[in-house]
Amino acid sequence: MTGKFIVIEGLEGAGKSTAHQCVVDMLHELGVQDVMFTREPGGTPLAEKLRHLIKYETEESVTDKAELLMLYAARVQLVENVIKPALAQGKWVVGDRHDLSSQAYQGGGRQLGKDLLNTLKQTVLGDFEPDLTLYLDIDPAVGLARARGRGELDRIEQQNLDFFHRTRTRYLELVNDNPKAVIIDAAQPVAQVRADIKSAVKNWWVSLSR
1 MTGKFIVIEG LEGAGKSTAH QCVVDMLHEL GVQDVMFTRE PGGTPLAEKL RHLIKYETEE
61 SVTDKAELLM LYAARVQLVE NVIKPALAQG KWVVGDRHDL SSQAYQGGGR QLGKDLLNTL
121 KQTVLGDFEP DLTLYLDIDP AVGLARARGR GELDRIEQQN LDFFHRTRTR YLELVNDNPK
181 AVIIDAAQPV AQVRADIKSA VKNWWVSLSR
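So the sequence shown is numbered by the UniProt record's numbering: it starts at 1 and just counts up by one.
Quick caveat, the hints were computed from the structure, so don't treat them as lab data.
One thing to keep in mind: the hints can contain errors.
What the hints assert, rightly or not - 25 Å max Cα-Cα, derived DSS-like pairs, lysine-lysine:
{"hint": "1", "residue 1": "K16", "residue 2": "K180"}
{"hint": "2", "residue 1": "K121", "residue 2": "K55"}
{"hint": "3", "residue 1": "K65", "residue 2": "K121"}
{"hint": "4", "residue 1": "K49", "residue 2": "K65"}
{"hint": "5", "residue 1": "K16", "residue 2": "K84"}
Stated by the list, open to error - Estimated spans, in silico, between C-beta atoms of each pair:
{"hint": "6", "residue 1": "S61", "residue 2": "Q89", "range": "20 to 30 Å"}
{"hint": "7", "residue 1": "S199", "residue 2": "P45", "range": "29 to 39 Å"}
{"hint": "8", "residue 1": "R148", "residue 2": "S207", "range": "31 to 41 Å"}
{"hint": "9", "residue 1": "G149", "residue 2": "D25", "range": "21 to 31 Å"}
{"hint": "10", "residue 1": "N178", "residue 2": "T18", "range": "15 to 25 Å"}
{"hint": "11", "residue 1": "D25", "residue 2": "P179", "range": "22 to 32 Å"}
{"hint": "12", "residue 1": "Q122", "residue 2": "R210", "range": "43 to 53 Å"}
{"hint": "13", "residue 1": "E29", "residue 2": "Q111", "range": "35 to 45 Å"}
{"hint": "14", "residue 1": "E57", "residue 2": "Q192", "range": "37 to 47 Å"}
{"hint": "15", "residue 1": "R210", "residue 2": "E59", "range": "47 to 57 Å"}
{"hint": "16", "residue 1": "K65", "residue 2": "L30", "range": "39 to 49 Å"}
{"hint": "17", "residue 1": "V206", "residue 2": "G113", "range": "17 to 27 Å"}
We put the CB at the ideal spot given by N, CA and C, even for glycine.
Throw the hints in and build the complete structure from the sequences for me.
Okay, structure coming up:
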């Protein structure tokens, strides 16, 4: 079987780190051993520098469009220099965020709109997309409370609650329109979330052989 690209999406505090390990564990159970992890923004030397600017820049105000363009610059570096070569070698890639994050956070949260985001997506990524997306859905207030418990919030995590409600609304619209995406209720106990993730991965795996 050729390499596949699985992405984990969700708001802050949704439990993406836990989900990542759960996906890797399930893939190992299914016999997939060559699995690598990526994160966005980041994953290459240039993309990591952009990540720092996006999340922690304080010397000047970062405009919404500048933020968006830096995210896509980091994304194309990761896709072209890391993800596509790995998939071509038969490796499986599990990603912490991908294009849906920009569609939801910048398109929805920042209110930059669908047209701009879709144009950028087509220009930068073309037809490249994940084989499976797991969206961890959680109430923004609950997720942010969890994130605060981890320590100091970054520049994006410090946005007001309305921003995250808009982001969540856009996420749900996107996921419901995407046949390759599955919604996971991240407000459940961790054990149930893990069970739902494993079930989603296994069901998707079975569908590959049909």
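Tested hints:
Among the hinted pairs, K16 with K180 is consistent with the structure: their alpha-carbon atoms are about 18 Å apart, no more than 25 Å. With a C-alpha separation of about 21 Å, the suggested pair K121 and K55 falls inside the 25 Å cut-off, and the hint holds. Between the alpha carbons of K65 and K121 the distance comes to roughly 14 Å, so the proposed pair stays at or under 25 Å and holds. Taking the CA atoms of K49 and K65, the gap is about 18 Å. The hint holds against a cut of 25 Å.
Of the supplied pair hints, the one linking K16 and K84 holds, its CA atoms being roughly 22 Å apart against a limit of 25 Å. Checked against the hint of 20 to 30 Å, the C-beta distance between S61 and Q89 comes to roughly 42 Å, which is inconsistent with it. A hinted range of 29 to 39 Å holds for the C-beta pair S199 and P45, which are about 37 Å apart. Distance hint check for R148 and S207: the Cβ-Cβ separation is about 38 Å, which falls inside the suggested range of 31 to 41 Å.
Checked against the given bound of 21 to 31 Å, the beta carbons of G149 and D25, roughly 24 Å apart, stay inside it. Look at N178 against T18: about 22 Å separates their beta carbons, and that is inside 15 to 25 Å. In this structure the supplied range 22 to 32 Å holds for D25 paired with P179, their Cβ-Cβ distance being about 25 Å. One distance hint, 43 to 53 Å for the beta-carbon pair Q122 and R210, is violated here, with the actual separation near 29 Å.
For the pair E29 and Q111, the beta carbons lie near 42 Å from each other, so the given range of 35 to 45 Å is met. Hint check: E57 to Q192, Cβ distance near 38 Å, so the stated range 37 to 47 Å holds. Checked against the hint of 47 to 57 Å, the C-beta distance between R210 and E59 comes to roughly 53 Å, which is consistent with it. Distance hint check: the CB atoms of K65 and L30 are about 42 Å apart, consistent with the given range 39 to 49 Å.
A hinted range of 17 to 27 Å is violated for the C-beta pair V206 and G113, which are about 38 Å apart.
Of the hints listed earlier, those the structure fails to meet are numbers 6, 12 and 17, in rising order.
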